[in-house]
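Participant: Read off the chains here:
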Amino acid sequence: MRVKGAGPLRAHVPESELVLPAGSTLDALVARFSIPSEHPVVAMVDGKRSSLKNQLRDGSHVVLVTLLPGG
Amino acid sequence: MHAFVEKIAHIDLGAGAVSSREIPAQTWISYIGGSGLAARLFRDEADFTADALDPRALLIFLNGPLAGVRLSGASRLCAAARSPLTGAFADSSCGGYFAPALRHAGLGGLVFTGRAETPSLLFIDNDSIQIQDAAFLWGKGIEESTALIRAKYGQRARSLVIGPAGENMVPFAGIMHEAHHAFGRCGMGAVMGSKNLKAIVASAKPRDPELAHPGRVRELVKELTPRIKDFVMSQVLHEYGSPGNLEGHMHSGDVPIRNWTSNFNEEMAESLTGSTLTETYLTRAGTCAYCAVACKRIVKVDEGPFAVDEGPGPEYETVAAFGSLLGSPDLAAVCKANRVCNDLGMDTITAGATIAWAMEAFERGDLTLEQTGGVSLEWANMRTVIDTLLPAMARREEGIGALLAMGSAAAARAIGGGAIDYTAQCKGLEAPMHDPRGGGHGHALAYAMSPRGACHVSSAMHYMETGACNYPEIGFEFNLEALTDEGKPETMMLAAAMGCIENSACLCQYADRTFTIPEIVELFNAAAGYGYDAAAMVEAGYRVFHLKRCINYLLGFTAGDDALTPRMLEPARDGDPAGIEIRFDDMKARFYELMDMDPEKGVARAARLRALGLQDEADAIWPGIS
Numbered sequence: 001m002r003v004k005g006a007g008p009l010r011a012h013v014p015e016s017e018l019v020l021p022a023g024s025t026l027d028a029l030v031a032r033f034s035i036p037s038e039h040p041v042v043a044m045v046d047g048k049r050s051s052l053k054n055q056l057r058d059g060s061h062v063v064l065v066t067l068l069p070g071g
Numbered sequence: 001m002h003a004f005v006e007k008i009a010h011i012d013l014g015a016g017a018v019s020s021r022e023i024p025a026q027t028w029i030s031y032i033g034g035s036g037l038a039a040r041l042f043r044d045e046a047d048f049t050a051d052a053l054d055p056r057a058l059l060i061f062l063n064g065p066l067a068g069v070r071l072s073g074a075s076r077l078c079a080a081a082r083s084p085l086t087g088a089f090a091d092s093s094c095g096g097y098f099a100p101a102l103r104h105a106g107l108g109g110l111v112f113t114g115r116a117e118t119p120s121l122l123f124i125d126n127d128s129i130q131i132q133d134a135a136f137l138w139g140k141g142i143e144e145s146t147a148l149i150r151a152k153y154g155q156r157a158r159s160l161v162i163g164p165a166g167e168n169m170v171p172f173a174g175i176m177h178e179a180h181h182a183f184g185r186c187g188m189g190a191v192m193g194s195k196n197l198k199a200i201v202a203s204a205k206p207r208d209p210e211l212a213h214p215g216r217v218r219e220l221v222k223e224l225t226p227r228i229k230d231f232v233m234s235q236v237l238h239e240y241g242s243p244g245n246l247e248g249h250m251h252s253g254d255v256p257i258r259n260w261t262s263n264f265n266e267e268m269a270e271s272l273t274g275s276t277l278t279e280t281y282l283t284r285a286g287t288c289a290y291c292a293v294a295c296k297r298i299v300k301v302d303e304g305p306f307a308v309d310e311g312p313g314p315e316y317e318t319v320a321a322f323g324s325l326l327g328s329p330d331l332a333a334v335c336k337a338n339r340v341c342n343d344l345g346m347d348t349i350t351a352g353a354t355i356a357w358a359m360e361a362f363e364r365g366d367l368t369l370e371q372t373g374g375v376s377l378e379w380a381n382m383r384t385v386i387d388t389l390l391p392a393m394a395r396r397e398e399g400i401g402a403l404l405a406m407g408s409a410a411a412a413r414a415i416g417g418g419a420i421d422y423t424a425q426c427k428g429l430e431a432p433m434h435d436p437r438g439g440g441h442g443h444a445l446a447y448a449m450s451p452r453g454a455c456h457v458s459s460a461m462h463y464m465e466t467g468a469c470n471y472p473e474i475g476f477e478f479n480l481e482a483l484t485d486e487g488k489p490e491t492m493m494l495a496a497a498m499g500c501i502e503n504s505a506c507l508c509q510y511a512d513r514t515f516t517i518p519e520i521v522e523l524f525n526a527a528a529g530y531g532y533d534a535a536a537m538v539e540a541g542y543r544v545f546h547l548k549r550c551i552n553y554l555l556g557f558t559a560g561d562d563a564l565t566p567r568m569l570e571p572a573r574d575g576d577p578a579g580i581e582i583r584f585d586d587m588k589a590r591f592y593e594l595m596d597m598d599p600e601k602g603v604a605r606a607a608r609l610r611a612l613g614l615q616d617e618a619d620a621i622w623p624g625i626s
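Residue numbers (my numbering), protein chains in the order written: chain A, 1 to 71; chain B, 1 to 626.
No incorrect hints appear here.
When the alpha-carbon atoms are kept at most 30 Å apart in a straight line, the in silico BS3-like pairs for lysine-lysine are as follows:
| id | chain 1 | residue 1 | chain 2 | residue 2 |
| --- | --- | --- | --- | --- |
| 1 | B | Lys229 | A | Lys4 |
| 2 | B | Lys205 | B | Lys229 |
| 3 | A | Lys4 | B | Lys300 |
These aren't lab readings, by the way, just hints derived from the structure by calculation.
In isolation and in its complexed conformation, chain A is listed as follows (with noise of 0.2 Å):
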């Protein structure tokens, strides 16, 4: 699977290709990456938010996602 972060989380995720353990969630993945407790963080599994309990699937694209509003 391929995982990257979007806006503020670029500097905390950078865009990498990953091999999980069969079975590994979002929680998971969010996990492997020293990303500030502050942020409410959102997957975007190709292209459609998804619950950080679910599940990965092989070859997913993930987009990990700060919903800090402004501008």
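Given chain A, put chain B in place with the hints provided.
Facilitator: Quick look at chain B alone, frame taken from chain A:
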């Protein structure tokens, strides 16, 4: 009863007369200050038969009760008038340094009426207020005008200035402060232009304002400042500016693309986001008075067709309005368009949104080459936007300039057909760059209920829906899902009140995000002696909201105007929110019910108005009903 606030100066530009008066303490307390007090003054003193650009029209500048306090986010100033763009009562807010300068001069606000015979400026020199000749500035851009003012009045002089767009009464002309900070929205610059008022200059020796409990204010500032600075949102804003999370917003479908026809574009997400701006064109951060965040951008584009000298850079709204909304991923072009728009003195949101609408009209064939005078309006044609359209709009040049200078709603009505359907506006005010279809369905309700038209800062919905704040003391502890209507009308009630409190206090919505309700109450009480508890403060917020709605009703607006265009409500075509429908009518009906508002008139019922102390409005709108 005493409130620690300043007097208001009245300036009759037609008569050349200046006077001042105290506003009763209870009026400040009931309406807080800023936009709330401006609404009260407008209702009491404006001639409702006068259109926005009539010499009789009022133009009001008001501080909040915290002006001059050395607290992050407390240096905003409110401008209010009937908007020439919408015809509704409107307020606009600007950060920077003018609000404390006004308070240092012993003033809580300025109320202008009349029209000067010749170009004029108002000069506030400590305790003296004079109307002076401004011929030396007329016809000049914002940057040159600001520099000339500084050269004539000294480095301490702070100025509010209009550019050519304001002089030509473009209905979305803004007022610029120090060539960087803007009263962007709703055409306050056109109202200044209609009065032949080119600038307002304040030069006052800095002094601590008289406060109710200065020691407690110092303690509060000491407690709150580190928290503001350490807040993750503040750090993102400082590092990357207000476009800091544009890429994240884009992935969630919040950023409108090509006139709201798309909700996702990965190239634009990466090329326009704040970290790209920081890596490419940022030279340093800028700030407002006393701010620990420093979110403003100072940029320089060294080369290429969109090269700009070091100077003010774009905010999030401008990046999206002159980037994704026009189908352009070019950040240098955004920097240039921002600088040009600022120098002409035009709101970047309405300018960008109107051009985006025109590009779609051109693509559809609703706007022909004959109508544009041979100007080709393809998507992302940034040379044409910057070199041709923006100057032509500011000068209201016959043809495409004059058409687009009307704003999108009036321009769409002018060309007819179904062109109004693909505008993105409410009450004639173009929507900001947060698409409710992806950003959160509550935004749709917030845009419709905002008294000034489509706006995400009139209420606190933008922050409450995205989970950036919770107010358990007043019953808001929701953890909302963005793409449903669940809990949104209930949230909008409190969001309306909180937005009115923030805008009346003239607080920055970035800096005050970490404040709790008891802290905001204590700030009012320690600084101004208002004697609030949480309930009284929130009641004041509701009072301001309902008063603004009453003013608009008396100006001819009804619930039918609380509507979004078909473009804003059609299901998104792509991205995360694709295909999801916003249940707008249900949210609107429920909100009216919760707020005890009449679903035809769009204002609160008589009993609710009377309970809020709005007796005159109840009598005017609901005669004979208690």
